[in-house]
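Chain residues, written in single-letter form:
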Amino acid sequence: MERAYLDNARSGPVRDRVAAETTRLLQGFEAAGAVQVDPPALLAADTLLDLYGEHIRANAYLTRDDEGEQVLRPDFTVPIAQQHMAQAAEPARYAYAGPVWRKQSEEARNREYLQVGLEIYDADAANADADVFATVAGLLAPYGLSIATGDMGLVLAAIDSLNTSDIRKAALRRHLWRPARFQMLLNRFGKGHADWVAERSSLIELSLSGQSAKAIKSAGKAVGLRSVKDVETRLARLAKDADTPPLEEAEVALIAQVLALTGSLADVLEHLPDLAARSKQLATAVEQFQARSDALAGRGLDLRSIPFEGSFGRTRLEYYDGFVFGFHAPHRKDLPALATGGRYDALTRQLGQGRSVPAVGAMIRPEALIALGEV
Amino acid sequence: MLKLGVPSKGRLQDATFQWFADRGVTLSRSGSGREYAGKVDGVAGVELVLLSAGEVPRELSAGRIHLGVTGLDLIEEKFNVPEREVTALAQLGFGHADLVLAVPDFWIDVDTLEDLDAVAAAFRESHGHRLRIATKYHALVRKFLTRHQIADYMLIDSQGATEGTVKNLTAEAIADITTSGETLRANHLKILSDGLILASQATLFASKNADWAQARAPLSELCTLLGVDCPELG
Chain A
1 MERAYLDNAR SGPVRDRVAA ETTRLLQGFE AAGAVQVDPP ALLAADTLLD
51 LYGEHIRANA YLTRDDEGEQ VLRPDFTVPI AQQHMAQAAE PARYAYAGPV
101 WRKQSEEARN REYLQVGLEI YDADAANADA DVFATVAGLL APYGLSIATG
151 DMGLVLAAID SLNTSDIRKA ALRRHLWRPA RFQMLLNRFG KGHADWVAER
201 SSLIELSLSG QSAKAIKSAG KAVGLRSVKD VETRLARLAK DADTPPLEEA
251 EVALIAQVLA LTGSLADVLE HLPDLAARSK QLATAVEQFQ ARSDALAGRG
301 LDLRSIPFEG SFGRTRLEYY DGFVFGFHAP HRKDLPALAT GGRYDALTRQ
351 LGQGRSVPAV GAMIRPEALI ALGEV
Chain B
1 MLKLGVPSKG RLQDATFQWF ADRGVTLSRS GSGREYAGKV DGVAGVELVL
51 LSAGEVPREL SAGRIHLGVT GLDLIEEKFN VPEREVTALA QLGFGHADLV
101 LAVPDFWIDV DTLEDLDAVA AAFRESHGHR LRIATKYHAL VRKFLTRHQI
151 ADYMLIDSQG ATEGTVKNLT AEAIADITTS GETLRANHLK ILSDGLILAS
201 QATLFASKNA DWAQARAPLS ELCTLLGVDC PELG
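For the protein sequence lines, the chains are A and B, in the order given.
So the first sequence is residues 1 to 375, counted in this note's numbering.
So the second sequence is residues 1 to 234, counted in this note's numbering.
Since no wrong hints were added, every one of them can be taken at face value.
Covered by chain B, per the in silico footprint, the following chain A stretches (three or more residues, Cβ under 8 Å):
| no. | stretch |
| --- | --- |
| 1 | 49 to 60 |
| 2 | 97 to 108 |
| 3 | 171 to 181 |
| 4 | 217 to 223 |
| 5 | 229 to 242 |
Derived from the structure by calculation, the hints contain no laboratory data.
For clarity, every value in this text was computed on a predicted model and none was experimentally measured.
The beta carbon of each residue, even a glycine, is placed where N, CA and C say it ideally should be.
Please take these sequences and the hints and turn them into a complete structure.
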């Protein structure tokens with residue numbers, strides 16, 4: 001079977017170029033202070049299923065043995081985070097190189113992909129973000145790629161600063177990475193609130209008049225683990241939501257405004273004081289943005305030449321919840337992003353069952369880099 | 001020679017033979033009733049291959065048959081990217097089967113996928129695991145729920161008596177094929193108002209992976225007889 005993006009690359013000169021590039025990238029990460037680690041290729045599937053949900057089955061190769069379901073690693077981030085959290089030695093920097101496996105999809109015809117990456121666990125988020133980005137940018141400089149960056153932290157802060165119930169905020173946070181459903185929720189909590197209440201009026205009425213238990217029992221036999229009580233709780237929740245005032249248009253506009261931020265990091269920095277004035281959550285996120293930008297500038301990067309898009313990282317980079325970035329070759333539509341990375345504090349919180357570690361990482365695709373030169 | 005794969009037995013075979021016969025192509029089994037061999041009259045250069053309907057997708061994908069009759073549900077379930085393997089020539093108007101998503105009747109708070117999504121989040125919080133949906137059609141259900149951006153569910157494999165899994169506490173909801181909905185009702189389940197995952201029927205498919213060099217002439221003749229648009233293949 002061929003290598004991803006390359007012909008005749010299992011042996012001979014193309015193979016040698018891939019190997020040499022992989023070594024160069026690894027050395028670059030080691031120079032940034034990382035130690036090399038070798039996570040297992042076969043992982044327990046339940047962790048990944050709990051993190052990503054069922055649709056990982058469409059993307060990853062799963063198999064079963066006597067101990068349960070196993071998965072061929074679809075990325076390195078999760079096994080490295082697991083290993084780090086088990087040892088709990090922080091701060092730490094890790095580098096890795098090796099294949100990941102993904103099922104064929106409409107966009108991708110390969111199954112096996114080489115990745116070389118860097119992961120940093122360090123409480124000093126701004127400097128860790130800047131180190132990962134500057135290291136990758138430095139290593140990829142010879143290829144003349146275009147850059148995209150974003151900050152999911154600003155979007156999350158905009159949600160948290162909404163003047164509404166915690167239930168609504170949690171629902172919005174949960175669907176941040178599913179834009180269509182996110183938009184649907186935003187509409188339902190805002191302009192669509194009155195219509196929604198009207199549609200649900202009979203159910204809401206049942207709960208308010210204390211008739212829910214009776215109505216539930218007469219609707220059918222109570223089968224299954226979800227109980228009559230669970231249904232009653234949801235009805236009460238609907239009634240409570242009906243009674244919660246709709247989101248004001250200015251608040252919905254604030255989220256749209258954050259998602260629509262665009263320009264260079266230097267441009268965006270000029271708009272940030274306005275955002276920071278809107279809430280203390282946004283003020284904190286803006287401080288982070290400012291500190292990261294200072295750290296990037298401190299590493300000799302020109303903030304005027306790094307583009308920013310408020311919505312970047314929202315669809316594909318599911319677990320990122322802070323700074324996000326990607327490197328692309330616009331003239332090669334056949335190739336994916338040559339490198340992607342970002343902050344994933346929430347993922348470590350899920351893996352650590354309450355305990356979390358500030359984490360940021362990036363991965364580069366050496367096969368795609370060599371393919372850039374093999375026109 | 002063009003190889004045409006059709007179901008090897010039962011109502012699906014009878015209906016397939018009738019559909020072709022109505023268009024002047026006579027399919028028949030040769031030899032004794034138990035022998036899986038057949039012949040084609042009314043068009044030259046077509047060979048009949050009798051197969052289990054479940055094997056038709058695989059044979060089409062491998063290019064061992066050029067055309068095949070099977071349910072749309074089986075094709076959609078089998079391949080991540082069906083358009084790469086086959087192209088549909090004609091819907092045959094029988095073998096109707098709806099794959100639907102159903103929940104207990106007493107869930108009066110759940111009518112739509114949006115409700116199911118909200119309930120899945122609350123269920124995970126209060127019960128400590130994702131809401132379980134029992135099904136045999138894993139890929140179809142997953143694709144549907146991904147397309148509708150539903151989270152916090154898990155699929156449980158059920159190869160039969162799927163409607164009973166909720167009562168047996170192995171699932172909270174089910175996705176299964178239904179024709180009349182009677183089994184669902186008997187098991188205290190209702191279909192979500194937007195819970196139709198796929199309306200399937202018997203369909204004539206052409207393989208995109210078969211060697212069409214020697215099969216193009218019979219295909220063209222067959223398409224004319226059947227009254228279907230002939231695709232560019234191979």
